[in-house]
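Asks: Given chain A, work out where chain B should sit, using these hints.
As you go down the protein sequences, you meet chains A and B in turn. The numbers in my numbering rise by one with no breaks, and the one at position 292 of the first sequence is 292. The numbers in my numbering rise by one with no breaks, and the one at position 15 of the second sequence is 15.
If you are wondering where the hints come from, they were derived from the structure by calculation, not from laboratory data. Don't be surprised by glycine CBs; every beta carbon is placed ideally from N, CA and C. Do not rely on the hints blindly, as some may be mistaken.
Stated by the list, open to error - Just so you have them, the derived chain A footprint on chain B, three or more residues with Cβ under 8 angstroms: (1) 153–164; (2) 251–263; (3) 273–286; (4) 291–302.
Unchecked claim - Cβ-Cβ distance ranges computed for the label pairs, FRET-style: (5) A:Thr208 / B:Val64: 51 to 57 angstroms; (6) A:Gly130 / B:Arg44: 24 to 30 angstroms; (7) A:Ile292 / B:Leu72: 46 to 52 angstroms; (8) B:Arg212 / A:Ile292: 35 to 41 angstroms; (9) B:Ser37 / A:Ile6: 44 to 50 angstroms; (10) A:Pro45 / B:Val64: 51 to 57 angstroms.
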Amino acid sequence: MGRYVIRRLLQMVPVFIGTTFLIFVMVYALGDPVAAMFGDRTPDPATAAQIRESLHLNDPLWSQYLQYMAGIFQGDFGTAFNGTPVAELMGSAFPNTVKLTLVAFAIEVVVGVGLGVVAGLRRGRFVDTGVLVFTLLVISIPTFVTGYLLQYFVGVKLGWAAPAVSVDVRLDELILPGIVLAGVSLAYVARLTRTSIAENIRSDYIRTATAKGLPRRRVVGVHLLRNSLIPVITFLGTDIGALMGGAIVTERIFNIQGVGYQLYQGILRQNSPTVVGFVTILVVVFLAANLIVDLLYAVLDPRIRYA
Amino acid sequence: MPEMTEPVAAAAPQGAAGTDPQPGPANGPDKQAKPRSLWGDAWRDLRRNPIFYISAVLILFLIVISLWPSLLTSTSPYACDLAHSKQGPSAGHPFGFNTQGCDVYARTVYGARASVTVGICTTVLAAVIGCLFGGLAGFFGGWWDSLLSRIGDIFFGIPILLGGIVFLSVIRGGSVFTVVLLMAILGWPQIARIARSAVITAKQQDYVQAARALGAGTPRMLLRHIAPNALAPVIVVATIALGTYISLEATLSFLGVGLKPPTVSWGIDISSAATEIRNAPHMLLYPAGALSLTVLAFIMLGDAVRDALDPKLR
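Just chain A, with the same shape it has in the complex (with noise of 0.2 angstroms):
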């Protein structure tokens, strides 16, 4: 098991590398700072240059990108254009988009379990057949689309809960957008759960624990279940990546100051550190999250050891 984890942190070394440079270099090698600073007026040559020379923008591209990663390492994610340190930003935003996206996971994997629990064990009846419909509807509506529809009719026409997101991000106000930002993960978990449980509840191993003469509740709450679970934590793990990529919409729509309204600001200015920092962390989230989720595997599954 050591052996493995290191071996999973030292592949994710390359791909980390790659990733960051992939995203530094389609911000800083095909957009133009120092133009995106000026907006529309054409830049003064001289005071270009010297923004330039000040910002190292221009050294190879390599050498950038190192000192870039050095000062990272350092804590320093470089300074917004307007002067606020990116690490400032950061400090304001992030709290309160993995608050949204904390209600968003709850709600995606009780729901969204419980729904494909509950279809899977009655496969083929009426309740099946209305999760799957369901499940349908929502993956096929786009998130910008429930966002708006369930804020005019949840939030301004029934009143029910508000609709938008105060500058304090309580807790019962993010449950509206997070219902939105979880909707389509929501629905692929559910279906992933149903096939799970629906294909494993022939498997010999249930028929065995039935045969022992357990209670249902320990066949399906036991046996069942674990067995079922794991690639839906596979698609969980993954998931959390997108779900703080998707907030940007939902952010957006309720007026939350998170990463994805920082991020939004920073593109809209073309403000490349901040763009480059804020990517940058939520592509290393996701990158744990996937190391995480491979490690949960020889928790959940005994057939799988890891010498």
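Replies: Leaving out everything else, chain B in the frame of chain A:
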């Protein structure tokens, strides 16, 4: 290696002649033989599935109106009159007008083209790259596998929406071509992973081992034996991904970084209608409905194809 390839040419017809009633292993899936092939079986299943018909008719309809939108409307999506701004449905204009006074019905019909084009092109491109990388990684294994899989991981590490926003905002693109290229570049690892595991499974089958023992060369093994059997899971994932790509394109356009006017896109129309939802909900509901229905059609098709091709759940 001529001495390696020669026996193949000799062995193949012999194998086919020797095992006439059954599909010869060296002959690939035989459509004429009595036991139905995987594809014949799947096709028979599809024809019994009402969901397949519903989605197929919807998709055909979408493709037709993407090619010839003037079949359904004679109004131009660009013929706008500010005097009609935000007016509700009326005779001759069943979906009403948007803020600019353009006919929402005409814009909804013309919007299909962008979505369908982006969806199909992205899927084809991502599937080609994914099959190439995943297939080679799975077939050759070892060092190739490690290299190609890590390259895939690098692109997989960037969620499509996030990468799309960053990339498209920087290059300030907005054409169908850039959106397709970007989504395919970030989307292929998903298909490559499926293709890789499918090829690894197919590679270990007895008939593939038999073909190798008979001296089949690498191209023949890949094209005749492995590809037809590893393709099924790829097709399933690609069909479902098509729906997701359409939804993603709309999301990017909605955020203002995807397609740009004058391209008529449901995402752009929804974005401009969203701020007016309290006064003129019809401006949002019709393009949103069309978009959802399109995504639904492709996901339903993917579901139907999966049910037909995956024998596990029968």
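Asks: The structure should be examined with respect to each hint, and the outcome stated for every one.
Replies: Status of the hints after comparison with the structure:
Closer than 8 angstroms: that is the beta-carbon criterion, and the segment 153–164 of chain B has 9 residues meeting it against chain A, so the requirement of 3 holds. With 4 residues bearing a CB less than 8 angstroms from a CB of chain A, the segment 251–263 of chain B meets the requirement of three and the coverage assertion stands. Interface restraint, the segment 273–286 of chain B with chain A: holds (5 residues with C-beta to C-beta distance below 8 angstroms; minimum three). Here the segment 291–302 of chain B counts 7 residues with a CB under 8 angstroms from a CB of chain A, which clears the bar of 3, and the coverage holds.
Taking the beta carbon of each, Thr208 (chain A) and Val64 (chain B) are about 55 angstroms apart, inside 51 to 57 angstroms as hinted. Gly130 (chain A) and Arg44 (chain B) have their C-beta atoms about 28 angstroms apart, which keeps the hinted 24 to 30 angstroms range intact. The given range of 46 to 52 angstroms is respected by Ile292 (chain A) and Leu72 (chain B), whose C-beta atoms sit roughly 51 angstroms from each other. The hinted window of 35 to 41 angstroms between Arg212 (chain B) and Ile292 (chain A) holds, with their beta carbons roughly 39 angstroms apart.
In this structure, Ser37 (chain B) and Ile6 (chain A) meet the distance hint of 44 to 50 angstroms, their C-beta atoms being roughly 46 angstroms apart. Between Pro45 (chain A) and Val64 (chain B), the C-beta spacing of about 55 angstroms keeps the proposed range 51 to 57 angstroms intact.
Violation of the numbered hints given earlier is absent; every hint is satisfied by the structure.
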